[in-house]
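Chains as they are written, first to last, in our numbering: chain Z, -19 to 289; chain X, -19 to 289.
The hints are simulated quantities; they were obtained by calculation from the structure and are not laboratory data.
What you are looking at is a predicted structure, and each value in this text was computed from that prediction instead of being measured.
Just to be clear, a hint being listed does not mean it is correct.
[As the list claims (entries may be wrong)] For the chain Z half of the interface with chain X, some residues (derived, Cβ under 8 Å), not all of them:
{"#": "1", "residue": "W21"}
{"#": "2", "residue": "K38"}
{"#": "3", "residue": "A61"}
{"#": "4", "residue": "S65"}
{"#": "5", "residue": "Y167"}
Every residue, glycine too, gets a C-beta built ideally from N, C-alpha and C.
Number of protein chains: 2
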Amino acid sequence: MKLGTVSVEGAQRVAVAVDTPGERAVLLYAGLTMADLIEDWAAARPSVERAVTDGARKAVTVGGLTWLPPVPRPGKVICVALNNSANVDRIISGPSHPATFNKPATSLLGHGQPIRLKQAFGRVHPEPELAVVIGAAGADIPHSAAMDHVFGYTIINDLTSPTMRAQDTFHYRAIHPKQDGTEGIEYVDTWVTYSGRYKGSDGFGPIGPWIATADEIPDPHALTVTCVHQGRVITEDSTQNLTHKVADVVSYISGYQTLEPGDIIAMGTALKGASGGGAVQNVNLTELGGPIEVTISGIGTLSNPVEMR
Amino acid sequence: MKLGTVSVEGAQRVAVAVDTPGERAVLLYAGLTMADLIEDWAAARPSVERAVTDGARKAVTVGGLTWLPPVPRPGKVICVALNNSANVDRIISGPSHPATFNKPATSLLGHGQPIRLKQAFGRVHPEPELAVVIGAAGADIPHSAAMDHVFGYTIINDLTSPTMRAQDTFHYRAIHPKQDGTEGIEYVDTWVTYSGRYKGSDGFGPIGPWIATADEIPDPHALTVTCVHQGRVITEDSTQNLTHKVADVVSYISGYQTLEPGDIIAMGTALKGASGGGAVQNVNLTELGGPIEVTISGIGTLSNPVEMR
């Protein structure tokens, strides 16, 4: 099943696709949210299926809908960094486990909504990614149970400003306890980067339109990821190239951050460029504008125009 | 006025202090949340004042209460990095504006609740900080209006693991567009640190117990900040040493991340050590345990035990 959230006369409505490409949808009753469905999906699913069957004749064309993020206010958006096999030969040193940062819910944006950039953001490039939507809550989830915590999959465009990343990097002498074990401190030359602006600014998280429920995606590591800028293909990759797989990531993260229903995990940028094309880093949306589009097989297409503000 | 959130028989209740130190409190009716009050404080304040006057005889001693984070589920927790004048001579290069990261709501913990650490977290040290609670929503807030968006102030202990910080740092060749302007990419030697684990793990955000409303704190830059570990004073600082002031920070951040009612902004670590004492970085809670206590004048004392799990 494919589920999304749309806005109708200012109210949230859950949309359910009635065909495979997700071109027509039934809207569930007002007041029911995606969070409600995820919270108790096993109980809700049969009635959603009935609503789709009964309502198919009244299905609407999705082209005219105003999309919100499929989970409009996730408790967390956790993003895995540098998680593609194409990164490997660029990493001089780094962890062998998933490293993550958090994007705020205010950075999220629905399908079709304009990404509103400022000149102050500097360069901003797209990062096409598979995103996991968490179903059942959990902490310290064993690897063998990790997939049971996946409600479904969606698409996120993890917009990034390398300009703000460089600006918000400190080279400094960090305070460390003395290495020799005596009381007192010593200084260690350190670099540290803060992601609040370069990953978390308003509009830096287009997401959706659909969540494909887990049963629709038997293998999340066999999906093609395509990114198209102004009609030109810039990424043609596969989720098979993710270094840390979905079960690894869900299990690992849950050992540090308790996962809750509706939490989003962005699995890391699909990087493999189209033959003859550039890299996502060449696509400066601040200068070039949009639209910018990410397609993942079996899930759908996320497309957003770009506006300057 | 001083407001907190407590849990009574599994339900959230807003507590309002009836005396200046906040030793006795009136509980407002069940169903009313801190988010509700913040959302419409001008309208709610008179009835809260009436409830305090009318209920003073039935006030409870706060010692026996189970505290939650004062805003139990803030939309965002934004933390300002390296924002103390004591940092200045340690910074070799870095931005002259506030640099920030986001902590997830799941990392927050109420006053008195145990910080549950794992050996896998490595070293974990306290960082005592003044936190701003946002009232009215806003984006691109002018400096002159910034203080109008402050609902009040609370205390946060921004727990940090330098072990996980080091582990989650990549030294890598970042992809940049070619400097000469021709199409294509080049590689730039870069360090980047991801804060998901070292700042965002469960229990890394003790906060509260009280929010002192803005009218109680005429000057947020004239407050003493004290951090006490197992009865030993490790920090004696003043918010006058914050490099970027509250109005600067609120205005600056709102240019990138839309601020919403109940959002928390942690203003940066109070660093000045007690005479003869060590630094907060010397206090490895994983090894030494708690309790760890932060007091800010005019707001209160946040104290948490430490447990291993």
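Results of checking the hints against the structure:
no.	hint	verdict
1	W21	violated (21 Å)
2	K38	violated (35 Å)
3	A61	holds (5 Å)
4	S65	violated (14 Å)
5	Y167	holds (7 Å)
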